[in-house]
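Chemist: Given next are the chains, with one letter for each unit.
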Amino acid sequence: MLQQITYKVLLSSFILIMSLLVAMYSTLIERKVAGWFQDRHGPNRAGPWGLLQPLADGIKLFFKEEFMPNAADKFLYILGPSLTMFIALLTSAVIPWGPDLVINGQSVPLQVADINIGILYIFAIVSIGVYGIMIGGWASNNKYALLGAVRASSQMISYELAMSLSIITIVMMTGSLSMREIVAQQQGFHWNILYQPLGFLIFLICAFAETNRSPFDLPECETELVGGYHTEYSSMKLGFYLFAEYINMFISGAVMATLFLGGYHFPFIDRLGLSPNAFALVSFMVLFSKITFFGFIYMWIRWTLPRFRYDQLMKLGWKSLIPLAILNVVITGIVILLNK
Amino acid sequence: MFTQYIFYFLTVMALFSAVMVLVSKKPIHSVLFLTLTFFAIAGHYVLLNAQFLAVVHVIVYAGAIMVLFLFTVMLLNLNKDERSPKPLWVKIMAIMAGAMLLLTLIGVFRGYDIKTVNDPLTTQIGLVKELGRILYHDYLIPFELSSVLFLTAMVGAVLLGKKEQINK
Chain A
1 MLQQITYKVL LSSFILIMSL LVAMYSTLIE RKVAGWFQDR HGPNRAGPWG LLQPLADGIK
61 LFFKEEFMPN AADKFLYILG PSLTMFIALL TSAVIPWGPD LVINGQSVPL QVADINIGIL
121 YIFAIVSIGV YGIMIGGWAS NNKYALLGAV RASSQMISYE LAMSLSIITI VMMTGSLSMR
181 EIVAQQQGFH WNILYQPLGF LIFLICAFAE TNRSPFDLPE CETELVGGYH TEYSSMKLGF
241 YLFAEYINMF ISGAVMATLF LGGYHFPFID RLGLSPNAFA LVSFMVLFSK ITFFGFIYMW
301 IRWTLPRFRY DQLMKLGWKS LIPLAILNVV ITGIVILLNK
Chain B
1001 MFTQYIFYFL TVMALFSAVM VLVSKKPIHS VLFLTLTFFA IAGHYVLLNA QFLAVVHVIV
1061 YAGAIMVLFL FTVMLLNLNK DERSPKPLWV KIMAIMAGAM LLLTLIGVFR GYDIKTVNDP
1121 LTTQIGLVKE LGRILYHDYL IPFELSSVLF LTAMVGAVLL GKKEQINK
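First to last, the protein sequences are chains A and B.
According to my numbering, the stretch in the first sequence is residues 1 to 340, in order.
According to my numbering, the stretch in the second sequence is residues 1001 to 1168, in order.
Chain A on its own, in the form it takes in the complex (with noise of 0.2 Å):
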């Protein structure tokens, strides 16, 4: 029982930690990849090749000045990023980052809780990551903050609805909301995205819109609103509220590739004959490259593609994305059916 304690908090420490050194690095690498997009060259001061740039951020983070505006409401203007970033970290829980490993002749499994309805619990945690925007935007008592925490609220009830229709059917086909259960399913190259490609786009869509990624990031648009939700925020608040975002980039890659890509799945994942451990770890490895995967994909995009304007994104999320994933749910009940 300690023993199996010991290794919950060793394995959650270290999904921790790996959440937020990723994070880290993913601004340096938006950074570059912004760079090449544009046939320039990046950040490269901060020792080689830049890497040491995410350190010195984050120390000019620490050290600027701390603002609160007169008029905030002073513990939910701090509680708004804290809550932020809280919920982005809580969603790893559920995630089964790999096989089994094999310790003292024991099993020990790579995901923090195995809980029977993790899907929902995603869900879950989904519906309320919203909270930290609003109650930020509100407490800063200015009037451009507001409107974003407003926008971010509306857009995310909007794009939930069209992503929990998209799991639906992953759910039907499974017939499981655990997601061990729908990992274990997927096994060898039998991705869920080869039998949902539909689905598999509308989740794409609506994981932009949830974590305020450009094309959808209207949330802190700018050009029209200062700065959005965190116009009034500074020093390291604020780089909650942007650290945040990188760890739902994360996260969000990482579901989607449970969900979608098959997990820690590869072909011919049998035919290695490896020892349990280094199993483990190579299937680890497969799942890291497909999240970055997603983290490339999410940078590509949104230095590729412009912003919608406000009407264009509800239109996009009510009247396109969910009468198509509706259309998905009843295909995939037909089917179901009629392989019975």
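Treat the hints loosely; a few may be bogus.
Unchecked claim - No farther apart than 20 Å at their CA atoms in a straight line, the calculated lysine to aspartate or glutamate pairs in the EDC-like style are these:
hint, chain 1, residue 1, chain 2, residue 2
1, A, LYS143, A, ASP73
2, A, LYS143, A, ASP57
3, B, LYS1162, B, GLU1144
4, A, LYS60, A, GLU30
5, B, LYS1129, A, GLU181
6, B, LYS1025, A, ASP73
7, B, LYS1162, A, ASP217
8, A, LYS315, A, ASP217
9, A, LYS8, A, ASP100
10, A, LYS32, A, GLU181
11, B, LYS1129, A, ASP100
12, B, LYS1026, A, ASP73
13, A, LYS8, A, ASP114
14, A, LYS32, A, ASP57
15, A, LYS60, A, GLU245
Claimed, not checked - Per the computed footprint, the stretches of chain B lying under chain A, defined by three or more beta-carbons under 8 Å from a beta-carbon of chain A, are:
hint, region
16, 1026 to 1040
17, 1055 to 1061
18, 1065 to 1073
Everything labelled a hint here was simulated from the structure, so no lab data went into it.
Since the model is a prediction, treat every value here as computed from it, not as a measurement.
Think of the CB as a built atom: it goes at the ideal place given N, C-alpha and C, for glycine as much as any other residue.
Given chain A, work out where chain B should sit, using these hints.
Modeler: For chain B alone, kept in the frame of chain A given last:
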């Protein structure tokens, strides 16, 4: 042992934040405290081994309904000064209505003898498999009817929204 402490913690949290919903001066604070109450209740569901109910509770109440509440309150930007003081007869009516509700609730619960839940870990009712079986097997018609009811409400809301636009 440990679960008992969690139970007390959640109960205190639920009651405290429920009181704070009424006491808070700013509407936004009331909404946030109500959200906290919902989270405490979701925690109670987990203690009763009803994880599915707990998560659905969080998704529906905390994730959707309360976000819409917060949205509306923010958009209206209600402030303490802008609210006109209520006349005395409204206050008296409100107290009487509340007292009548309390009496009714007491009357209802007096009839029940309080049963202790045997062992929450052995009851499977809150888990998704059992709940789904009961909903789609024993209570299929009420379940479907309530979904039609929701659909009607949605269509009605859309219609009301449309009408306003035409009149403009």
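Chemist: Each hint: holds or not?
Modeler: Now for the hints, and whether the structure bears them out:
{"no.": "1", "hint": "LYS143(A) - ASP73(A)", "result": "14 Å, holds"}
{"no.": "2", "hint": "LYS143(A) - ASP57(A)", "result": "28 Å, violated"}
{"no.": "3", "hint": "LYS1162(B) - GLU1144(B)", "result": "27 Å, violated"}
{"no.": "4", "hint": "LYS60(A) - GLU30(A)", "result": "18 Å, holds"}
{"no.": "5", "hint": "LYS1129(B) - GLU181(A)", "result": "15 Å, holds"}
{"no.": "6", "hint": "LYS1025(B) - ASP73(A)", "result": "13 Å, holds"}
{"no.": "7", "hint": "LYS1162(B) - ASP217(A)", "result": "29 Å, violated"}
{"no.": "8", "hint": "LYS315(A) - ASP217(A)", "result": "16 Å, holds"}
{"no.": "9", "hint": "LYS8(A) - ASP100(A)", "result": "13 Å, holds"}
{"no.": "10", "hint": "LYS32(A) - GLU181(A)", "result": "37 Å, violated"}
{"no.": "11", "hint": "LYS1129(B) - ASP100(A)", "result": "26 Å, violated"}
{"no.": "12", "hint": "LYS1026(B) - ASP73(A)", "result": "11 Å, holds"}
{"no.": "13", "hint": "LYS8(A) - ASP114(A)", "result": "11 Å, holds"}
{"no.": "14", "hint": "LYS32(A) - ASP57(A)", "result": "15 Å, holds"}
{"no.": "15", "hint": "LYS60(A) - GLU245(A)", "result": "19 Å, holds"}
{"no.": "16", "hint": "1026 to 1040", "result": "holds (count 4)"}
{"no.": "17", "hint": "1055 to 1061", "result": "holds (count 4)"}
{"no.": "18", "hint": "1065 to 1073", "result": "holds (count 4)"}
Violated hints, in rising order: 2, 3, 7, 10 and 11; the structure is consistent with all others.
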